[in-house]
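Q: Chain by chain, the residues run as shown.
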Amino acid sequence: MIELNGLTKYYRKNVPGMVDVSLSIEKGEIFGFIGPNGAGKSTTVRTLLNLIYPTSGSATINGKDIVNDAKWIRKHVGYIPSEVHFYASMDVQSFLDFSGRFFDVEFKTRQQELVELFDLDVSRKIEALSFGNKKKVAIVAALQHQPDVLILDEPTSGLDPLHQQAFFDVLLKEKKRGTTIFFSSHILSEVEKICDRVGVIKEGKLIQVSPIETLRKSTVKRVRATVQEPFESRSKHIKDLSVDGAHVSFVYTGPVKQLLKVLEAQTLQDVTIEDPSLEEIFMHVYERSAA
Amino acid sequence: MKNLMINDFKRLFKSLILWTVIVGGLALLMLLLFPAFEDIYADLEALLEGYPQGFLEAFGLGEDGLIMEDIYGWFGVEGYLFVLLIGSVYAGLLGGSILSKEEDDQTIEFLLTRPITRSQIYGAKLGVIGINLVLLNSVVAIVLGVTFAAFDTMNWTVWALYSVAPLILHLIFASVSLLISVFVTKSRTVTSIALGLVVGLYVLDIISALTDSAENLKYITPYEYVNAITIVNEGRLEPLYMAISAGIIVTALLAGWAFYRKKDIAA
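Chain order of the listed sequences is A and B.
The first sequence begins at 606 in the numbering used here and counts up one residue at a time.
The second sequence begins at 12 in the numbering used here and counts up one residue at a time.
Hints listed in this document are in silico derivations from the structure and should not be mistaken for laboratory results.
One or more hints might be untrue.
[Claimed, not checked] Subject to a maximum C-alpha distance of 35 Å in a straight line, what follows is the list of computed DSBU-like cross-link-like pairs (lysine-lysine):
id	chain 1	residue 1	chain 2	residue 2
1	A	844	A	778
2	A	676	B	13
3	A	730	B	274
4	A	844	A	826
5	B	13	A	730
6	A	780	B	13
7	B	197	A	807
8	B	273	A	730
9	B	112	A	713
10	A	669	B	274
11	B	112	A	807
12	A	780	A	841
13	B	112	A	739
14	A	841	A	798
15	A	680	A	713
16	A	676	B	197
17	A	841	A	676
18	B	13	B	273
19	B	25	A	778
20	A	730	B	229
21	B	229	A	739
22	A	810	A	781
23	A	810	A	844
24	B	229	A	713
25	A	844	A	807
26	A	680	B	273
27	A	841	A	866
28	B	25	A	676
29	B	274	B	25
[Said to hold, decoys possible] So these bits of chain A aren't anywhere near chain B, every CB distance computed over 10 Å:
id	residue
30	676
31	680
32	812
33	838
34	861
Even glycine gets a Cβ: it sits at the ideal position worked out from N, Cα and C.
Chain B extracted, bound-state conformation (with noise of 0.2 Å):
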């Protein structure tokens, strides 16, 4: 098994280098805007009253609702977002492709032929998945915690929730597409469907926060559960949605391990 997980691991080293890099550089792009929009922050206020209510919330401002003269309501604006959604495509293609690419190349024969179960397997996969994960997150934790410090006066709270809320989003698409690659193994089909998740799920989040009548919606869209909002101005994370978040992790996992014991291998 931990021959299995240092070669994927080695595998794919370089796609995690890339992801960490392009979700970490865009995180610390936007945060070194901040100075710049500190000192023009009431023309953009008077600017953005002119928006519906709605729209506002939409984008995590308007009444109660974030404030950008702060270092964290900015990063929650205009930085966040990125980490949760090029993460999330990250998270989406890692666990749909770790697992139905060894099937996809005809491989998982030669490694189902090595003395290894296929609970073992699935496990080395969801392994590689985690480590991968926390890496990326904890590279983007650093980049805000020294960024946080060098604005502001450090708020342990809201950083330690901005560095964990991703990687719990990311944990939601990553096991919801592994899942999914137990059972559609075509690579290209489980990308797409990956992203069409991640993406997906974005525009309903969107919808959800600007149609009143659609607000029940938030239920199902992840990206609601680590709004920003109750990050900076509440200092917490909605006790339901992580609820929520662990069932849907632990079931999506359990289910995909579930079938992956019993099914047939493809020739």
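Bound conformation, chain A alone (with noise of 0.2 Å):
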């Protein structure tokens, strides 16, 4: 269970990093929390993890206060960073081993099973490894002592789209598991098939939480349609309208009955109605809160 209560951080005066984020997340919950670079998302997780100090508001893991129970916090949370920065001149195992032996706990077990699961070869230095081969490193690291929480910080870059599902469905077990997990990324696809809810945070700020069928179900539409005269609206609904030659293509953010009174005006050949990405709701989502 995470909560964040008002939690603000500024870096200097008027420079803010993360304002006033109020959340809730449920035990078992597993919780996207999305954004473009530089909106706040790792501000966010960094004050979670009490690498840096709210400036204003507070936060807890599991009832336990993030800045004054950081000890016991750090012990039941698995931290994957979005960069991985290990001892370079360690090799894989003496690293993990390293790490595991600070959570006084078993570990060598599920240490094992997520090395075979995510093909890492142990004896390598870590200075050695490519980028993605770090970020299992980084998976293992964060998941062998078996936490309560998982906080994750674009957890998924670098990783091929095998492991990808494998991570996913380690994810998936975890949930089962009864672990809450915080995921954050810019990713929308990949939020999409795993979480069960989702935030949006820009320029510091949490803008919208919504479970993600909520999302879905979102009456903007993706439109496509082939046209025989000019495609002529004046309609404020439709945004991202592209046309080539005959071939129009616009989101739709308002009410079906007007979509269809839009579209009966057109000459039309042929179209097709779908949902949108989650990349296409969420960027509508910012432009209304741009506006």
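Combine both chains into one complex, guided by the hints.
A: Now the structure itself:
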């Protein structure tokens, strides 16, 4: 369980990293935390881990305060950083053991399973690993001591699709075990696959939290049409209009009935109306809040 | 905490060996040259008489200074400086880098997401600094003990002071560098500052000895705190200087700890 109450971080005066973020994530929930680079995702993650101190507000993980009980929290949290920086001269095996020994729990069995699952060569030096392989080391180091809470900062970057899938399977198993997962990412399609709810952060502010289904059920539609005469409509609900000869494509954000009226006015040859990707939905969330 | 200390100690062991060999080896080399100079001491003394008094004082010679005919005095002029200066370079580099390297390499993010407090990390780093400096100085102490005993009757007091005094100086430079490294985490910058401090304060020590008008400078250069003349001629370390040394070490370490606990770890 993770709770944020008005969590705020100013790096300097007038340089906000995260402003008044309040949020509650249930035990066993996978929460997607979405935003473009520089929106405040890493600030939030780093504050939760007490790498940086909040300017105001507070947060708890499993009921413990992130600042005062930082050590307890670190014992119960697995963290995968977006950029992996480990001791370059160590080999993978001694690094993983070094990491595991901090936790006072048996970790070798789980370590073995994960190393096999991700095809990790543990005899190699960290510095000799590719970006993707370093990420795998980070995944094993974060999961081997079986934490109750996972905090993931763009965990799949660098992973090939096969191991990405393996990683998602692991996360779903963890969820079944009751693990709470905070999944920060700027790639919507991966969050869409796995998360229960999604929060959108922009310029340090949490601008929307909604269950994945609600987002999908939103009335935003992607419309593709072939027209005989030039497409003409001044509906304010039409976004992202692109006209390529007879082919027209746009995102429609208004009521469906009005969309039909718009289409009726055209000399349609062909039309498809479909659910847009989450990416497109969020693009419009962003646009709306910018307006 | 033990886990981190063991890991750091292993990681830094090679450099400890290297520096110990350099410092211990130079001390030994200078001591082994003693018999050769002993024979020509009369000539040397005549030669030195030609130098101005202030210049001689800068090197611990002259009136009320060290007598090079004696192995303890000889070491005070010819070997002790290496132990102080080169040992301090090691202490400065070690103190300045052991904590900041984690931030510079960004491995601190890994450490601080293990169940360990910042105080424990700071304590572990401090422990490794202490152990390494004690080990280096112990080797030097053994070298001194063996050669002193071989060349002269053993003066245990002077031997003990020669062994402990450099450690005090090294601890001063290590703790001040550690404090600086809490704020300046770029490896290259920290090591430059640490080196500048070690060499700069030595230059200041020479200036304070050379010029009477700058004599008060001696209170701010720690080399003066562990002066060989006091050790050999008086068989003691100046209590006021020891109090200042302890004050510097404790203040630097506490300040470093206080700031480290509350600082933001940059991404």
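Q: Determine for every hint whether it applies to the structure shown.
A: How the hints compare with the structure:
| no. | hint | result |
| --- | --- | --- |
| 1 | A:844 <-> A:778 | violated (39 Å) |
| 2 | A:676 <-> B:13 | holds (16 Å) |
| 3 | A:730 <-> B:274 | holds (31 Å) |
| 4 | A:844 <-> A:826 | holds (10 Å) |
| 5 | B:13 <-> A:730 | holds (23 Å) |
| 6 | A:780 <-> B:13 | holds (33 Å) |
| 7 | B:197 <-> A:807 | holds (31 Å) |
| 8 | B:273 <-> A:730 | holds (33 Å) |
| 9 | B:112 <-> A:713 | holds (29 Å) |
| 10 | A:669 <-> B:274 | holds (21 Å) |
| 11 | B:112 <-> A:807 | holds (33 Å) |
| 12 | A:780 <-> A:841 | violated (42 Å) |
| 13 | B:112 <-> A:739 | holds (20 Å) |
| 14 | A:841 <-> A:798 | holds (31 Å) |
| 15 | A:680 <-> A:713 | holds (17 Å) |
| 16 | A:676 <-> B:197 | holds (27 Å) |
| 17 | A:841 <-> A:676 | violated (53 Å) |
| 18 | B:13 <-> B:273 | holds (23 Å) |
| 19 | B:25 <-> A:778 | violated (44 Å) |
| 20 | A:730 <-> B:229 | violated (49 Å) |
| 21 | B:229 <-> A:739 | violated (52 Å) |
| 22 | A:810 <-> A:781 | holds (31 Å) |
| 23 | A:810 <-> A:844 | holds (24 Å) |
| 24 | B:229 <-> A:713 | violated (58 Å) |
| 25 | A:844 <-> A:807 | holds (20 Å) |
| 26 | A:680 <-> B:273 | holds (20 Å) |
| 27 | A:841 <-> A:866 | holds (13 Å) |
| 28 | B:25 <-> A:676 | holds (32 Å) |
| 29 | B:274 <-> B:25 | holds (31 Å) |
| 30 | 676 | violated (5 Å) |
| 31 | 680 | violated (4 Å) |
| 32 | 812 | holds (23 Å) |
| 33 | 838 | holds (46 Å) |
| 34 | 861 | holds (44 Å) |
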